[in-house]
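Colleague: Residue numbers (the numbering used here), protein chains in the order written: chain Y, 64 to 372; chain X, 182 to 553.
No false leads were mixed into what you were given.
Among the chain X residues that face chain Y by a calculated CB cut under 10 Å, a handful are:
#1 Gln386
#2 Val396
#3 Pro406
#4 Ile505
#5 Phe531
No lab work stands behind these hints: they were computed from the structure.
Yeah, the Cβ is synthetic: ideal placement off N, Cα and C, and Gly gets one too.
Each chain, letter by letter, is given below.
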Amino acid sequence: MRTEALPRPRAAEDGLVARLVAGSTLPILTIAAAVVLIWYVAAIFLNAPVLRDSYERAGRAGVTTQELIADAWAMERPILPAPHQVAFELNKTVFQIDPTSRRSLVYHAWVTLSSALLGFAMGALLGIVLAVGIVHVRTLERSLMPWIIASQTIPILAIAPMIIVVLAAVGIVGLVPKAFISAYLCFFPVTIGMVKGLTSPEPIQLDLMRTYSASTGQTFFMLRWPSALPYLFASLKVAVALAVVGAIVGELPTGAQAGIGARLLAGSYYGQTIQIWAALIGAAVLAGLSVALVGLVERITLRHMGARP
Amino acid sequence: MSARRDFALICFIALGLIGFALPLGGGSAWTAHGLSAFLWALALGIAAWLVILPPAIGVATGLALVATVVAAFVPLRLIGAGAGGVDAPGLWCAVLALGFLAWRAMERLATFGHETGSKAANLAVPALFGAWLLYLWQVITQGFAIPPVLLPAPSMIGHALVEAQRTLAEDFVQTFVKSVIPGYLMGCAAGFVVAILVDRSPFLQRGLLPVGNLVSALPIVGVAPIMVMWFGFDWQSKAAVVVIMTFFPMLVNTIAGLAATSHIERDLMRTYAASYGQTMVSVRLPAAMPFIFNALKINSTLALIGAIVAEFFGTPILGMGFRISTEVGRMNISMVWATIAVAAVAGSAFYGLLALLERRFTFWHPSFRQRA
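Could you build all of it, start to finish, from the sequences and the hints given here?
Modeller: The following block contains the structure:
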């Protein structure tokens, strides 16, 4: 049901330029360029007051605008670092430092990713099991479903620190508590998506299964499960991004030991804004890569099942 | 009602009778608790009646509920009298049996609600389920004497709720009224306005939609420390986090919603010689409503999370996030749970209000059609 608002003209017949304009590459690049531009301008305006103060204290008068801009883009602890400063920091912490070192962003990203993936696996499994129960038992649908929705209005991200502290008191430390938080965030989209997916077969298809005298299990594995897979993958993409968020927030209260969240917290303690932004970009890349990975698995699985690309 | 269906009740009776024979811990037995034993026997008797001579569905539902309530008093009374711990198999057997009874009552109620279409029964099922979870939490934390530092019993949380009313109310005002609501309104409005503005430019839309989708999936709460650095400790920084968190879902959903009308509808408007504005107001915006409400609902939970997390990075001495982090430090966990309860109730009420509005404004949507 694509419509006029988002036209996709026949690209193959046109030239390269027309194809760029018609596709989504050029628009995305334009938006990205605009973001970078606004970022640079914002960096000047946000950093200027601090710089003017420092000029006054240093007794430097008559600083030209050019100098001001150059300084605003090269501050040690800027209010808003310029994009290239963040890029340099990323380059330094990702490529220049040994990945096993604690100063490497790769090391911290790996810590976050491992607990996010563990939580993702637990959450996805829980979500699927709940959905299967809800689809097959009416009492569960009636009693559990409202609570599953209500469970997400509890700001789990906000109480994540407490869960970490409490679990640490019982002796559960390391990956698992963070994974619990990721799992709690993950299971919801999976349950909702899978309930929708498992009930997506048409009554006529279910009737056909009945005429074959198929058991509930056979109906499940031959009809319901395959038709739920597209819904499952759509939910898994949402869930894996949430898992990364959960892992990062879970790292905040551990006293900045390791992980992207710890980098954020340490950066905010010591005013290292460039480090915060680098960690943020790192988190964004991590979330983007996980979503892309699930997308890849989706494409392979669905193609294997005979879906047309 | 076939015999297979009463499996849960038979389990209740069997486990209940086994529980009668087992010790209750602390050296006491059922014989020492006359009233509890009587109530337990009463519940077993009702269950036996339901199994042997199943009455009509309405009566059976009522009786199952009565039996559940009567039986639910027993473990509470026993624990109050000192029973519990790992050496009380009789008690835990009774709790397990009670689970089967409660399940059966819920099943009855769900069937009853399904057959009669009674709204009260349909509401009572999840209520009963929630009550059962709370009950289980209470019985387990008290029965096993779990230290309140780890997990306080619901009764203690309720006590903290009543005790610290004023503090909780002030926190609520600081976080919800001052940070969440302004941030939510600004973020949603900004997303909506930008979506309308770029509506005329398919080029910008094609650029913004993937970027917006990407940003919606990013851990935006990470900007919280930056916002606190920029806007200071008071509510402004929290509102700013909320604005950023709510902007992109709204933008993406509105753009998608504005594209949801089909050619035939817009062609019809063209034959009416309707202007861009008229088409927008009378066709495309109403068609976008379900998408917009979807974004509003997603944002309602995001907003609360954003504000509370932002409070971890610095606040005046008020606010739910501040309360949670300081009370954790003071090991006053029941206060933390009381704050969580307030946040959950506020979040659910917010969500529920939006769901009601959605029903009011998008009643025509297929998802609200009466299920046959």
